[in-house]
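Novice: Residue numbers (the numbering used here), protein chains in the order written: chain A, 16 to 449; chain B, 16 to 449.
No wet-lab data here; the hints were simulated from the structure. Incorrect hints may appear among the rest.
The list cannot tell twin chains apart, which means a pair is met if one copy fits it or any two copies do.
Computed cross-link-like contacts, BS3-like style, restricted to lysine-lysine with a CA-CA straight-line distance of at most 30 Å [as the list claims (entries may be wrong)]:
hint, residue 1, residue 2
1, 207, 225
2, 225, 23
3, 327, 310
4, 252, 33
5, 55, 72
6, 229, 80
7, 188, 351
8, 296, 351
9, 278, 252
10, 327, 426
11, 373, 70
12, 33, 426
13, 33, 225
14, 114, 63
15, 49, 33
16, 188, 373
17, 306, 207
18, 337, 23
In case you want the letters, here they are:
There are 2 protein chains.
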Amino acid sequence: MSGEAIAKEANTAFAQLKVLTNTERSQALEKIYKSLKEHKSSILEANKLDLENAKAKNLASSLIKRLDLANPGKFDSMLQGILDVANLSDPVGKVTLAKKIDEGLNLYRVTAPIGVLLIIFESRPEVIANITALAIKSGNSAILKGGKESYQTFKVMSNIVSEALADTKVPSKAIQLIESREDVADLLDQDKYIDLVIPRGSNELVRNIKSNTKIPVLGHADGICSIYVDANFDPVKASRIVVDSKTNYPAGCNAVEQLLINKDIAGSEVKNLIKALVDSKVTVHVAPELKSLVKDLNQDYVVDADDDAFDKEYLSLDISVKFVDDVRDAIDHINKHSSKHTECIITENEDTANLFLKSIDSAGIYWNASTRFADGFRYGFGTEVGISTNKIHARGPVGLEGLMSYQYQLKGDGHIVGEYVGGGRNKLFVHEDI
Amino acid sequence: MSGEAIAKEANTAFAQLKVLTNTERSQALEKIYKSLKEHKSSILEANKLDLENAKAKNLASSLIKRLDLANPGKFDSMLQGILDVANLSDPVGKVTLAKKIDEGLNLYRVTAPIGVLLIIFESRPEVIANITALAIKSGNSAILKGGKESYQTFKVMSNIVSEALADTKVPSKAIQLIESREDVADLLDQDKYIDLVIPRGSNELVRNIKSNTKIPVLGHADGICSIYVDANFDPVKASRIVVDSKTNYPAGCNAVEQLLINKDIAGSEVKNLIKALVDSKVTVHVAPELKSLVKDLNQDYVVDADDDAFDKEYLSLDISVKFVDDVRDAIDHINKHSSKHTECIITENEDTANLFLKSIDSAGIYWNASTRFADGFRYGFGTEVGISTNKIHARGPVGLEGLMSYQYQLKGDGHIVGEYVGGGRNKLFVHEDI
Chain A
16 MSGEAIAKEA
26 NTAFAQLKVL
36 TNTERSQALE
46 KIYKSLKEHK
56 SSILEANKLD
66 LENAKAKNLA
76 SSLIKRLDLA
86 NPGKFDSMLQ
96 GILDVANLSD
106 PVGKVTLAKK
116 IDEGLNLYRV
126 TAPIGVLLII
136 FESRPEVIAN
146 ITALAIKSGN
156 SAILKGGKES
166 YQTFKVMSNI
176 VSEALADTKV
186 PSKAIQLIES
196 REDVADLLDQ
206 DKYIDLVIPR
216 GSNELVRNIK
226 SNTKIPVLGH
236 ADGICSIYVD
246 ANFDPVKASR
256 IVVDSKTNYP
266 AGCNAVEQLL
276 INKDIAGSEV
286 KNLIKALVDS
296 KVTVHVAPEL
306 KSLVKDLNQD
316 YVVDADDDAF
326 DKEYLSLDIS
336 VKFVDDVRDA
346 IDHINKHSSK
356 HTECIITENE
366 DTANLFLKSI
376 DSAGIYWNAS
386 TRFADGFRYG
396 FGTEVGISTN
406 KIHARGPVGL
416 EGLMSYQYQL
426 KGDGHIVGEY
436 VGGGRNKLFV
446 HEDI
Chain B
16 MSGEAIAKEA
26 NTAFAQLKVL
36 TNTERSQALE
46 KIYKSLKEHK
56 SSILEANKLD
66 LENAKAKNLA
76 SSLIKRLDLA
86 NPGKFDSMLQ
96 GILDVANLSD
106 PVGKVTLAKK
116 IDEGLNLYRV
126 TAPIGVLLII
136 FESRPEVIAN
146 ITALAIKSGN
156 SAILKGGKES
166 YQTFKVMSNI
176 VSEALADTKV
186 PSKAIQLIES
196 REDVADLLDQ
206 DKYIDLVIPR
216 GSNELVRNIK
226 SNTKIPVLGH
236 ADGICSIYVD
246 ANFDPVKASR
256 IVVDSKTNYP
266 AGCNAVEQLL
276 INKDIAGSEV
286 KNLIKALVDS
296 KVTVHVAPEL
306 KSLVKDLNQD
316 YVVDADDDAF
326 DKEYLSLDIS
336 VKFVDDVRDA
346 IDHINKHSSK
356 HTECIITENE
366 DTANLFLKSI
376 DSAGIYWNAS
386 TRFADGFRYG
396 FGTEVGISTN
406 KIHARGPVGL
416 EGLMSYQYQL
426 KGDGHIVGEY
436 VGGGRNKLFV
446 HEDI
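Please take these sequences and the hints and turn them into a complete structure.
Specialist: Structure, rendered in structure tokens:
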């Protein structure tokens, strides 16, 4: 089937899905939950094939780990995720504005699904369950395109989902699972039928998608996060936060990549802070002005900063370190070099913190807390669609809300514009909140 | 100056503008207001040159009318608009979510400006004042590119604005007015520095911009609005609404372009409804099944519907008319053919109305009210950035809110992820609303 045909079917299914009740949508999720649970063994068998393929191809161990659905607790938590989403409050039809325009003429702004989502992801097969749940709950159609690494798992799970939906009010074309052979480029051209693309995977994947579609893309290519350590700082907090931000999960987009240190901090304190990183096996890429300060540290973990050291996402146990003059210099540096994901200031001075919080143009701005907190689960959103570095629509960790739009409903009784001021006559608008 | 240099300067100015207080931003608007007021005569003189040029070139009278700042009340209402925006409540820094993540670790979602706006408009010179006010009030930088028709007015006004800003806290590069010679294509490439493009003008302008930039575009190309007249309808309301929607301002994007009539309505009533349009000098483009019904009407205003009659924006005293089987048929037709701007149902049946309100996938869905109400002023938003048919970010008539984004601020006291569940240890999150 062509990309256009797939997208058109998704769009038609959306029209049906849009009018279902919350109960009907949640029941479909419960059905999917049950079917996946029943077919656990066939899913894990298919997953085993994918794992064997991945090992045969010598894929990175981090990728293999992400692929593995048999990891303790992973399958069950995938299933539980579906029920959790089913039990969330209905995101559709919430009235977020109600205004009396005139007697008998009332305006309502009501939350509504966006339409058709195209979700492209790489290895993690549990994304199928997660995104299917989020899409159905929010009343959106979804076209899911998985990576070739999880092809076998994907094929089995997609059949189970399709069969499960056949028994529900949700049209089966509301969730279409496209196998690896299908042409993504063709789907990325369907801006007439597809409203939002959500890529979940490497920054190469996201960057490639962003430059090949007119459809809005929700996500982030890079996560170049920074920490600035102010002159007035607590060394214990600083070491804890810097080490956690770097080492808790270095491959995460919310891991810190740059450490900016106020130049007025005593050399011994700077050295201690960098030592905490080196002791945690982090390679520090130091700017020239710091070299003499770190010469006593284990030189296996100390290298010179490259020219692009401050425009780079390592995704590994590496960090770039430099001095800055003061908080303003740090702000300038971050606003120029960051990917607008998450930045942190470590300071005991509230005024300095507030200036930083106000000035930084990123989705997340932290004061004395690890950048690793930038995550939908940690923010308490229950579930996460992704993390967005866009500056319009959803920003930062995106929960179910990010899949919602709104519509204006105007209810009148024969009202016409021609009678009002600006429209030809003199009737005035009331404009009162209801 | 190159597009890149202009965009970069706007971006640098944004960093300064972002931290100004509401008072500082509003004071800059008052300064601009005073300067424009003082220089009224030189502005109107320049405007006269533009008008003479337009007349010499035989431009459409509707365009000339839009160009003319000397129209009674227009200059004063332009000035008043600046003060109105200055007096709006501060859109920056509103806390829209506050959550305790754990003891001493609090998350806030705070409204923030988007960044750098590129506004491209055609004739109306008052857009300069309007957009300058909106941009500064919301803390966004703006690059304004006017049409060649208003070049003289634009040049004078832009100098006045620049000089006025020199005396304020708003950096002068926060508002850059680009003359017609500058290359728009070059600016549309600056997705690194420009966050949102707002085109205000013809659908050709908008369509052209949408297909030539990776930057998100806020606006609408077409306004193909529909009215569906249900079997259970009030003929008086129907005539009033249909005639107002078509004739109140046919060039508006919120004017109706398609009339869908339930086929079960008596022929005489259908004829009366269409007669009301013909009596208002509207040319009705009728589908074949309606031809015999309208044969007694003034045939100067009755023509056959073309093949593309239901995918077309007339922007004139023309309307396409056809029968539909029922409300579901109308919904299907609209979801396929509309531009997702504004659609209306005329019915006395609440259930039918609710089905329509729930099923239509457009920014505005009206029950017994003219489509011409789709407008920021009529909605009570005070001012209007434009009307958006996008499905993400802002939708429908967009007020100041549409120029806002948000950021997450997390305030901790040395908190690290490694101690929490999911991060390596077992501490639980609190996730309580503050």
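Novice: Against this structure, judge whether each hint is valid.
Specialist: Results of checking the hints against the structure:
1. 207 - 225: both (17 Å within a copy, 13 Å between copies)
2. 225 - 23: both (22 Å within a copy, 21 Å between copies)
3. 327 - 310: within (24 Å within a copy, 72 Å between copies)
4. 252 - 33: between (49 Å within a copy, 29 Å between copies)
5. 55 - 72: Close inside one copy (26 Å), not across copies (74 Å); limit 30 Å.
6. 229 - 80: neither (34 Å within a copy, 35 Å between copies)
7. 188 - 351: Between copies only: 17 Å across, 44 Å inside.
8. 296 - 351: Answer is within: at 29 Å inside a copy they meet the 30 Å cutoff, but 58 Å across does not.
9. 278 - 252: within (18 Å within a copy, 73 Å between copies)
10. 327 - 426: Classified as between: cross-chain Cα gap 26 Å, same-chain 53 Å, threshold 30 Å.
11. 373 - 70: neither (48 Å within a copy, 50 Å between copies)
12. 33 - 426: within (20 Å within a copy, 39 Å between copies)
13. 33 - 225: Both: 27 Å inside a chain and 27 Å across chains, each within 30 Å.
14. 114 - 63: neither (57 Å within a copy, 41 Å between copies)
15. 49 - 33: Close inside one copy (24 Å), not across copies (51 Å); limit 30 Å.
16. 188 - 373: The answer is between: 20 Å across copies meets 30 Å, while 45 Å in one copy does not.
17. 306 - 207: neither (55 Å within a copy, 33 Å between copies)
18. 337 - 23: Result: close only across copies, 24 Å inter versus 52 Å intra.
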